[in-house]
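**Q** Below, each chain spelled out in residue letters.
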Amino acid sequence: MSDFELQPKRSDAIEKAASESVPVTGQEASPLFKQLKGFWVTFSTMFKKPLVVEYPEVKVETQPRFHGRHQLNRYEDGLEKCIGCELCAWACPADAIYVEGENNTEGNQISPGERHAKVYQINYLRCIFCGLCIEACPTRALTMTNEYEIADDKREKLIWEKEDLLAPLRAGMLMPPHPMYPGSDHHTYYRGEIKEAHPSQEVNK
Amino acid sequence: MSEYASILLDDPVWMIVVKGLLVFVLCVLLTLAAVYGERKIVARMQLRVGPNRAGPGGMLVSLADGVKLALKEDIIPKAADRIVFILAPVISAATCFLAFAVIPMTGKVMFFGEETIMQLTDIPVGVLYVLAATSIGVYGIVLAGWSSGSTYPLLGGLRSSAQVISYEIAMGLSFVAVFMYAGSMSTGDIVQAQSQWWNAVVLFPSFVIYVISMVGETNRAPFDLAEAEGELVGGFHTEYSSLKFALFFLAEYVNIIAVSALATTLFLGGPSAPPGLGFTESWLGGWFTFIWFLLKVFLFFFLFVWLRGTLPRLRYDQFMKFGWKVLIPVSVLWILVVATLRLLTQQGASQFLIAAFTGGVVLVVLIATSLYESSKKRAEEEARYVPEMPAPKFPVPALPKAKIEEVE
Numbered sequence: 001m002s003d004f005e006l007q008p009k010r011s012d013a014i015e016k017a018a019s020e021s022v023p024v025t026g027q028e029a030s031p032l033f034k035q036l037k038g039f040w041v042t043f044s045t046m047f048k049k050p051l052v053v054e055y056p057e058v059k060v061e062t063q064p065r066f067h068g069r070h071q072l073n074r075y076e077d078g079l080e081k082c083i084g085c086e087l088c089a090w091a092c093p094a095d096a097i098y099v100e101g102e103n104n105t106e107g108n109q110i111s112p113g114e115r116h117a118k119v120y121q122i123n124y125l126r127c128i129f130c131g132l133c134i135e136a137c138p139t140r141a142l143t144m145t146n147e148y149e150i151a152d153d154k155r156e157k158l159i160w161e162k163e164d165l166l167a168p169l170r171a172g173m174l175m176p177p178h179p180m181y182p183g184s185d186h187h188t189y190y191r192g193e194i195k196e197a198h199p200s201q202e203v204n205k
Numbered sequence: 001m002s003e004y005a006s007i008l009l010d011d012p013v014w015m016i017v018v019k020g021l022l023v024f025v026l027c028v029l030l031t032l033a034a035v036y037g038e039r040k041i042v043a044r045m046q047l048r049v050g051p052n053r054a055g056p057g058g059m060l061v062s063l064a065d066g067v068k069l070a071l072k073e074d075i076i077p078k079a080a081d082r083i084v085f086i087l088a089p090v091i092s093a094a095t096c097f098l099a100f101a102v103i104p105m106t107g108k109v110m111f112f113g114e115e116t117i118m119q120l121t122d123i124p125v126g127v128l129y130v131l132a133a134t135s136i137g138v139y140g141i142v143l144a145g146w147s148s149g150s151t152y153p154l155l156g157g158l159r160s161s162a163q164v165i166s167y168e169i170a171m172g173l174s175f176v177a178v179f180m181y182a183g184s185m186s187t188g189d190i191v192q193a194q195s196q197w198w199n200a201v202v203l204f205p206s207f208v209i210y211v212i213s214m215v216g217e218t219n220r221a222p223f224d225l226a227e228a229e230g231e232l233v234g235g236f237h238t239e240y241s242s243l244k245f246a247l248f249f250l251a252e253y254v255n256i257i258a259v260s261a262l263a264t265t266l267f268l269g270g271p272s273a274p275p276g277l278g279f280t281e282s283w284l285g286g287w288f289t290f291i292w293f294l295l296k297v298f299l300f301f302f303l304f305v306w307l308r309g310t311l312p313r314l315r316y317d318q319f320m321k322f323g324w325k326v327l328i329p330v331s332v333l334w335i336l337v338v339a340t341l342r343l344l345t346q347q348g349a350s351q352f353l354i355a356a357f358t359g360g361v362v363l364v365v366l367i368a369t370s371l372y373e374s375s376k377k378r379a380e381e382e383a384r385y386v387p388e389m390p391a392p393k394f395p396v397p398a399l400p401k402a403k404i405e406e407v408e
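Line by line, the protein sequences are chains V and H.
Take 1 as the starting number for the first sequence in this note's numbering and just add one per residue.
Take 1 as the starting number for the second sequence in this note's numbering and just add one per residue.
Honestly, the hints are just simulated from the structure, not real lab data.
On a predicted model such as this, the values are computed, not experimentally measured, just so you know.
Label-pair ranges, simulated between beta-carbon atoms:
hint	chain 1	residue 1	chain 2	residue 2	range
1	V	Pro50	H	Lys68	21 to 31 Å
2	H	Gln196	V	Phe47	33 to 43 Å
3	H	Ala356	V	Trp40	33 to 43 Å
4	H	Ala356	V	Ser44	35 to 45 Å
5	V	Gly131	H	Leu47	28 to 38 Å
6	V	Asn146	H	Ala94	50 to 60 Å
Glycine residues also receive a C-beta, built at the ideal position from the N, C-alpha and C atoms.
Based on the sequences and whatever the hints tell you, model everything.
**A** Now the structure itself:
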């Protein structure tokens, strides 16, 4: 093997590619001209329409699946969906959720089935709105709304209690505690077979 | 003694006091307007709308800012030199107002039954006085940096002093041509000397040099190295808060307005209307000239804002190189040319000689530029040149390039 063979050979194709890879365009324009071009950019921008959204007056609607503040949902007869299982709290990477479960009793039926949440708190100073709690929730009790104006001026105000998070009562709903729909169990609730409150549920309240 | 100076000389004492007060009020009001204007204009350049909360269209934002600054806690660091620390912003703010004393803001006007000019005083060395006043302002910055007892302010203060001193030389040199043309250093005479043509046209290179150096002088973008936020926190005023900081803030803006006003006086004919448009003393003269003055000042102020909105900050060494190796030599050469031309015309040299000289200068400049360009190009080519490596004396594996060839 001679020294001659070891020398790198440069083919025409490689030479061509090398010459093409050097950016030649724009080199011809003088630097002064380029600078003036920049001045024109800023000057002409002055007469364009600003992109600003005048926020407090004008509110842009969020995307439908925007991660806003949470909501604790209800079944159609008003019973809460939350069963106090704490899976949301366990899923939370920011440790923002605190749940204390409690047994449902005869006179204190808050949700269908055995358990309900006695305490349910979300600390919005910690929440990162990742939505893992929503994914963890087995009964779709916890979902997120599109509401994003949560800012406040006191730390205490940013720990939202269960009352703050609960969905409002809609038509046909009754404020718990009240007994479950006659002849139903938590499976019927879960399958969505309960469409509205039964009159007997109110009577026995 | 010029006509201007003699009009000002018979001012009664009460008028001088009132004028002094008016100058002060005008500076403060212009500062308020300038802060608002700058924020609005820069915002529009960035597709924003700028302040729009306080007052109609956000017009009271600078006032609200001032109140906010005044109500903030005033902190003096333990390591600070108390007296100098308090003195520094005072020096800074006081000196920039001084420059306004010799700026003519109107033509001849009637003021409470007294013919006068809206100018505090007209001294024979007026422009030098402005230079002196602005350079004393540097003390404010340097002392602020030093007395803070902290590293970043010190670095910012030192940078600033180096910067202002460097650019003051170029600034002073750009005045020389104006002095030669007007035959005087008094601002009033210089304004009168521009009744035919503005100096900005006749002495265009001087004008350009002045405009560049006035940006350097006032520590504004792209030359705002003294308070480069990314590098020096806040620069010399890092440790300042409350009213003392407000004084620096005020000083910066009054300084900008002062250099703009000086540029107006020296290069754009001061408060007089643009020549050649038929504006006379009787038609839109008098107090109306104040509008011309303000318009011209705003023009320069807009330039400041435009620069800020367009250019990124220079690197320190580039900035210094530009000042010392470009601005100063160029202005010295320009002065030589102007002086020669002036001498030739005054001694009644023939038109041919003047034209020959001018042509010669243009030729030399063109040759120098082309030589410079070609040498730059050659240097670039040399930098791009990669020498061919000699064949190694020991066996080495073939380079990947050889392999590419095989594939093809």
